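Number of protein chains: 2
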Amino acid sequence: MRTLYHMWLSPQSRKVRIVLGEKGLDCRLKAEKTWERREQFLKMNPAGDVPVLVEEDGAIYADGRAIAEYLDETYLDPPLIGTDPKLRAEVRRLCQWFDDKFMAEVTALLTAEKIMKRFLGMGEPSSEPIRCALQNLKVHLGYISHLAERRNYLAGDIFSLADISAASHISVVDYLNDVVWEDFPAAKEWYMRVKSRKSFRPILKDRIAGLPPPGHYEKLDF
Amino acid sequence: MRTLYHMWLSPQSRKVRIVLGEKGLDCRLKAEKTWERREQFLKMNPAGDVPVLVEEDGAIYADGRAIAEYLDETYLDPPLIGTDPKLRAEVRRLCQWFDDKFMAEVTALLTAEKIMKRFLGMGEPSSEPIRCALQNLKVHLGYISHLAERRNYLAGDIFSLADISAASHISVVDYLNDVVWEDFPAAKEWYMRVKSRKSFRPILKDRIAGLPPPGHYEKLDF
Numbered sequence: 135m136r137t138l139y140h141m142w143l144s145p146q147s148r149k150v151r152i153v154l155g156e157k158g159l160d161c162r163l164k165a166e167k168t169w170e171r172r173e174q175f176l177k178m179n180p181a182g183d184v185p186v187l188v189e190e191d192g193a194i195y196a197d198g199r200a201i202a203e204y205l206d207e208t209y210l211d212p213p214l215i216g217t218d219p220k221l222r223a224e225v226r227r228l229c230q231w232f233d234d235k236f237m238a239e240v241t242a243l244l245t246a247e248k249i250m251k252r253f254l255g256m257g258e259p260s261s262e263p264i265r266c267a268l269q270n271l272k273v274h275l276g277y278i279s280h281l282a283e284r285r286n287y288l289a290g291d292i293f294s295l296a297d298i299s300a301a302s303h304i305s306v307v308d309y310l311n312d313v314v315w316e317d318f319p320a321a322k323e324w325y326m327r328v329k330s331r332k333s334f335r336p337i338l339k340d341r342i343a344g345l346p347p348p349g350h351y352e353k354l355d356f
Numbered sequence: 135m136r137t138l139y140h141m142w143l144s145p146q147s148r149k150v151r152i153v154l155g156e157k158g159l160d161c162r163l164k165a166e167k168t169w170e171r172r173e174q175f176l177k178m179n180p181a182g183d184v185p186v187l188v189e190e191d192g193a194i195y196a197d198g199r200a201i202a203e204y205l206d207e208t209y210l211d212p213p214l215i216g217t218d219p220k221l222r223a224e225v226r227r228l229c230q231w232f233d234d235k236f237m238a239e240v241t242a243l244l245t246a247e248k249i250m251k252r253f254l255g256m257g258e259p260s261s262e263p264i265r266c267a268l269q270n271l272k273v274h275l276g277y278i279s280h281l282a283e284r285r286n287y288l289a290g291d292i293f294s295l296a297d298i299s300a301a302s303h304i305s306v307v308d309y310l311n312d313v314v315w316e317d318f319p320a321a322k323e324w325y326m327r328v329k330s331r332k333s334f335r336p337i338l339k340d341r342i343a344g345l346p347p348p349g350h351y352e353k354l355d356f
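From first to last, the protein sequence lines are chains C and R. Position in the first sequence (first residue = 1) + 134 = my numbering. Position in the second sequence (first residue = 1) + 134 = my numbering.
These are computed hints drawn from the structure, not numbers from a lab. These numbers were taken from a predicted model, which means no experiment stands behind them. Heads up, a few of these hints could be off.
[What the hints assert, rightly or not] Computed cross-link-like contacts, DSSO-like style, restricted to lysine-lysine with a CA-CA straight-line distance of at most 30 Å:
hint, chain 1, residue 1, chain 2, residue 2
1, R, Lys235, C, Lys272
2, C, Lys177, R, Lys332
3, C, Lys157, C, Lys332
4, C, Lys220, R, Lys353
5, R, Lys157, R, Lys177
6, C, Lys332, R, Lys220
7, C, Lys167, R, Lys272
8, R, Lys177, C, Lys220
9, R, Lys332, C, Lys235
10, C, Lys177, R, Lys220
11, R, Lys167, C, Lys272
12, R, Lys248, C, Lys177
13, R, Lys164, C, Lys235
14, C, Lys167, R, Lys235
15, C, Lys235, R, Lys248
Make the full structure from the sequences, and use the hints.
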């Protein structure tokens with residue numbers, strides 16, 4: 135069976151898990167402590183990051199975005215980038231928006247302070263980066279609302295990698311109880327629809343030992 | 135005619151210029167001072183970054199990676215990601231390597247200290263980030279050498295977006311005279327081949343007012 139090396143709260147790992155779910159592909163999960171820089175893992179991916187996918191033929195695929203594109207062009211149903219060139223460009227623009235911009239401005243700050251520091255014994259979270267991240271998060275939730283008010287899904291008519299990328303980050307931040315949902319009703323309505331997909335269910339069952347999510351994290355109606 | 139909003143030493147902008155050149159597509163260049171956050175530009179790309187491509191039909195494409203993929207799937211000759219799924223995944227993995235990892239560990243540090251500080255009047259360059267970037271650069275040149283010794287081009291047999299992404303970053307760092315080429319002969323041989331492509335010539339003619347490149351910057355045999 136194919137194997138995905140991942141981390142529970144890595145947005146890129148979650149993205150690949152959701153894509154696998156959408157495509158109906160079975161996969162065994164192996165949690166990888168990337169900070170241990172395990173030699174066998176570095177041979178698979180010299181960048182040292184998750185996710186890494188080992189396919190049934192033994193081929194190794196690294197980098198969440200490369201894996202998502204690979205899966206979409208190898209397992210065609212359902213298409214997650216679309217067929218129209220303009221839509222495809224919009225899907226990819228939004229993937230980068232969340233994977234680069236949202237990551238740098240929100241997810242990386244919150245996970246570094248609230249998770250990595252704690253589990254690696256690096257002291258207490260600092261309030262300044264958390265404050266920054268929460269301020270940035272409001273701008274991003276505003277942007278999601280703006281898109282969701284104008285389109286069926288974030289990039290256009292179809293549920294796409296753009297929604298998956300966005301929801302992968304949002305779900306991590308929501309696990310940490312940092313989303314004030316009532317201020318962003320259009321973003322909330324969009325996220326409810328994403329949450330209700332079968333491919334998203336395993337994500338909602340994730341639990342980090344010693345760091346439980348808030349009660350609404352897995353509720354479809356929150 | 136199509137228009138590309140760009141910055142001279144933005145690796146993503148250079149990538150799109152080279153892709154346009156490979157595909158034989160004419161394009162008018164407009165330099166965009168992204169730090170001025172011009173309202174009309176933000177309407178085209180709310181992320182505020184270059185490159186932004188306006189196609190002949192008026193359609194707007196933002197994000198260097200999304201634009202490169204769009205151009206490759208719209209203008210098929212020559213293919214710059216390849217046709218084999220494994221090769222395509224390897225091309226994309228390496229694009230991310232340079233656009234994310236090389237960018238964060240090398241290009242962003244050097245351009246922030248040596249260019250942005252100077253042109254925005256933010257004081258003298260700091261030695262610590264420059265020292266870090268030059269140390270990281272050696273690791274990356276070692277990785278390029280490792281790949282170039284084993285493959286015809288970085289991702290495999292064909293000249294691809296992986297080479298274009300890598301060379302876009304390397305050319306910026308080389309403009310700043312920060313590459314010690316003699317320590318990395320295999321990387322140098324690869325870069326000589328990339329430099330000699332017709333699509334790369336405009337990049338070698340780039341000149342920033344008040345910041346000339348070293349003499350070897352545009353030489354094909356350096």
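**Study point:** Hints violated by the structure (numbers, ascending)
**Key:** 2, 4, 9 and 12
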